[in-house]
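Engineer: Each chain, letter by letter, is given below.
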Amino acid sequence: MRRTPYFWLQLAFTLLVCSFLLVPVFMSIVAGLTENFFVGVKSGFTTRWIGVVWELYAPTIFRSMYIALATLAVTLVVGVPAAYVLAKRPGMATRLIEEFLVLPVAIPGLAIALALIITYGGFRDFRTSWGFILVGHVLYTLPFMVRSVLAVLSSFNFQVLEESAASLGAGFWRRFFGIVLPNARSGIVAGALTVVTLSIGEFNLTWMMHTPETMTLPVGLADSYASMRLEIGSAYTLVFFIMITPLLVALQRYGVQSTRTRKGA
Amino acid sequence: MRGRENRFLLLMVAPAIVVGAAFFLLPLARLAVVGATGKLGIAAYTAVVTNPQYFQALASTIVLSVTVTVATLVIAGIAGVFLERNHFLGREALISMLTLPLAFPGVVVGFMVIMLAGRTGLIGEITSTFGAGRLVFAYSIAGLFTGYIYFSIPRVILTIMAAAEKLDPALEEAARSLGANPWRVIVDVILPALKPALIASGAICFATSMGAFGTAFTLATDIKVLPIVIYTEFTLLANIALAAALSMVLGIITWATLALSRVAAGATAAAAG
Numbered sequence: 119m120r121r122t123p124y125f126w127l128q129l130a131f132t133l134l135v136c137s138f139l140l141v142p143v144f145m146s147i148v149a150g151l152t153e154n155f156f157v158g159v160k161s162g163f164t165t166r167w168i169g170v171v172w173e174l175y176a177p178t179i180f181r182s183m184y185i186a187l188a189t190l191a192v193t194l195v196v197g198v199p200a201a202y203v204l205a206k207r208p209g210m211a212t213r214l215i216e217e218f219l220v221l222p223v224a225i226p227g228l229a230i231a232l233a234l235i236i237t238y239g240g241f242r243d244f245r246t247s248w249g250f251i252l253v254g255h256v257l258y259t260l261p262f263m264v265r266s267v268l269a270v271l272s273s274f275n276f277q278v279l280e281e282s283a284a285s286l287g288a289g290f291w292r293r294f295f296g297i298v299l300p301n302a303r304s305g306i307v308a309g310a311l312t313v314v315t316l317s318i319g320e321f322n323l324t325w326m327m328h329t330p331e332t333m334t335l336p337v338g339l340a341d342s343y344a345s346m347r348l349e350i351g352s353a354y355t356l357v358f359f360i361m362i363t364p365l366l367v368a369l370q371r372y373g374v375q376s377t378r379t380r381k382g383a
Numbered sequence: 116m117r118g119r120e121n122r123f124l125l126l127m128v129a130p131a132i133v134v135g136a137a138f139f140l141l142p143l144a145r146l147a148v149v150g151a152t153g154k155l156g157i158a159a160y161t162a163v164v165t166n167p168q169y170f171q172a173l174a175s176t177i178v179l180s181v182t183v184t185v186a187t188l189v190i191a192g193i194a195g196v197f198l199e200r201n202h203f204l205g206r207e208a209l210i211s212m213l214t215l216p217l218a219f220p221g222v223v224v225g226f227m228v229i230m231l232a233g234r235t236g237l238i239g240e241i242t243s244t245f246g247a248g249r250l251v252f253a254y255s256i257a258g259l260f261t262g263y264i265y266f267s268i269p270r271v272i273l274t275i276m277a278a279a280e281k282l283d284p285a286l287e288e289a290a291r292s293l294g295a296n297p298w299r300v301i302v303d304v305i306l307p308a309l310k311p312a313l314i315a316s317g318a319i320c321f322a323t324s325m326g327a328f329g330t331a332f333t334l335a336t337d338i339k340v341l342p343i344v345i346y347t348e349f350t351l352l353a354n355i356a357l358a359a360a361l362s363m364v365l366g367i368i369t370w371a372t373l374a375l376s377r378v379a380a381g382a383t384a385a386a387a388g
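Here the protein sequences line up with chains R and D, keeping their order. Residues in the first sequence are numbered from 119 upward in steps of one, following my numbering. Residues in the second sequence are numbered from 116 upward in steps of one, following my numbering.
Be careful, since some hints might not be right.
One side of the interface only, derived from the structure: several residues of chain R facing chain D at Cβ under 8 Å [stated by the list, open to error]:
#1 Ser146
#2 Trp172
#3 Ala233
#4 Gly319
Computed footprint of chain D on chain R; a stretch qualifies when at least three of its residues, placed anywhere within it, have a C-beta under 8 Å from a C-beta of chain D [what the hints assert, rightly or not]:
#5 147 to 156
#6 181 to 188
#7 270 to 280
#8 299 to 307
#9 329 to 341
Hint data in this document are derived by calculation from the structure and do not stem from the laboratory. Predicted model only: the values in this text are computed from it and were never measured. Here a beta-carbon is modelled for each residue, glycine too, at the ideal position from N, C-alpha and C.
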């Protein structure tokens, strides 16, 4: 096929956009592995900044991981059954419930964090525990789990399968675990990947809600950008990239196409 | 039988409703009340218009978000339609790379802007090599603009691509054979067909920019966007009532934008279909 000049022009433009997004990523990776970024790569490569990051911030890395897994557990237990009910009984009432469940996506994280602090900040033990952060993350990610599962369940008539199972004598829970869940698997996987990715990268809520003992990775990043030398911030960012990239690759492979409502910068 | 099933269903949706009520509705209601019970009283809600300092912050946040939205729609629109239309070696890789920053938190995006346009940034390096002096704009409104575009492009481009997939090339062919130049084809054929997607993703882009905090926080610019003002009032000045009122206003703006866009996109989709 012959390419028109318009093709090359648009390709050049798209490549330019791509380099705008990727060049700084590449630079920060190099900076995190360079002895002295101001001197340049001729100062030599080193992993010592990664070592410094590990010494200073290792707890934030593990905390982010287990908060993400806890968030995932809660959104699975709470979100998947809810999505099933919404798909099974489409109507005015469930429509309202759906609107209500996905509402947190439309409100900036800062506002939600303030609301939570004002309401629950008085409960000291709760306020200073990682459970407080967990609440924020669940609130923020639950809509993505519900939507993802709901999208898959609404895309085919699972009720017919359920009815035939019921006619063979399968009870409610047996049908839910034996038919609904396996058929919703792709939505659950996509939802789970989204939840973990969003939780690991969440900053707006967590920055307001954290205490020195409940610092997460993105909070630590902000701290390092503000108070550490550029190489340390870069090395820390590199650690974040290493954590997030497999999730993103998996998400691109298994994710539901709709990313329309992803938010949270 | 059905009554029993309904009880089960109620049981299954109940946890989600409880979580939403206890940790979202109730706190939001508290936020609204607290916003009205400071030393300004209910006037805290109008302070965003009557107080020049807050009004300035609101105005610059809106102007910034609108500019970012328009620029992102143009950039992601061109790249998205192109990627959907043309198949070439490396296309898949290009799409993956363009959507990679989706998961970057705002702070990381801010850091990327520093990498590009900060004191040791690439752009300054290039301009000083060419003897034009070191161009540093990360910490100005241009830096904010750059960062907001950075996190918006990946969000918008997938929606545009999904919509462009449904474009009918025959319509463009027809327009061209009737003598329309490429510009007319874009304005009269492609844009109207993409309209629902542009409205929907534009609204998300605008709402995200209005509420963005991490990027502005990292860049620590002297331009005060509304989320930074809220943060400053709350943590540094302990002006809790005002911070609450301002966040309610901000939340209402983003929520209303998204709700309106769904109505508008739905209406144009219905009209087009």
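Engineer: Counting residues of the region 181 to 188 of chain R with a beta carbon closer than 8 Å to any beta carbon of chain D, are there 3 or more?
Structural biologist: violated (count 0)
Engineer: Taking a Cβ-Cβ distance under 8 Å as contact, does the region 329 to 341 of chain R have three or more residues in contact with chain D?
Structural biologist: holds (count 3)
Engineer: Under the criterion of a CB-CB separation shorter than 8 Å, is R/Ala233 in contact with chain D as hinted?
Structural biologist: holds (4 Å)
Engineer: According to a criterion of three or more residues whose C-beta lies within less than 8 Å of a C-beta of chain D, is the region 147 to 156 of chain R covered?
Structural biologist: Holds, because 3 residues of the region 147 to 156 of chain R bring their Cβ atoms closer than 8 Å to Cβ atoms of chain D.
Engineer: Hint validation: R/Ser146 versus chain D, beta carbon distance must be below 8 Å. Holds or violated?
Structural biologist: holds (5 Å)
Engineer: Does R/Trp172 pass the interface hint, meaning its C-beta sits closer than 8 Å to a C-beta of chain D?
Structural biologist: Hint on R/Trp172: violated, closest Cβ of chain D at ~19 Å, above 8 Å.
Engineer: Tell me if the interface restraint on R/Gly319 is satisfied: Cβ within less than 8 Å of some Cβ in chain D.
Structural biologist: Nearest chain D Cβ about 4 Å off; hint holds.
Engineer: Are 3 or more residues of the region 299 to 307 of chain R near chain D, judged by a Cβ distance of less than 8 Å?
Structural biologist: Check failed, 0 qualifying residues.
Engineer: Per the coverage rule (Cβ-Cβ under 8 Å, at least three residues), is the region 270 to 280 of chain R covered by chain D?
Structural biologist: This one is violated; 0 residues, fewer than the three required, reach chain D with a Cβ under 8 Å.
When each numbered hint is compared with the structure, violations occur for hints 2, 6, 7 and 8.
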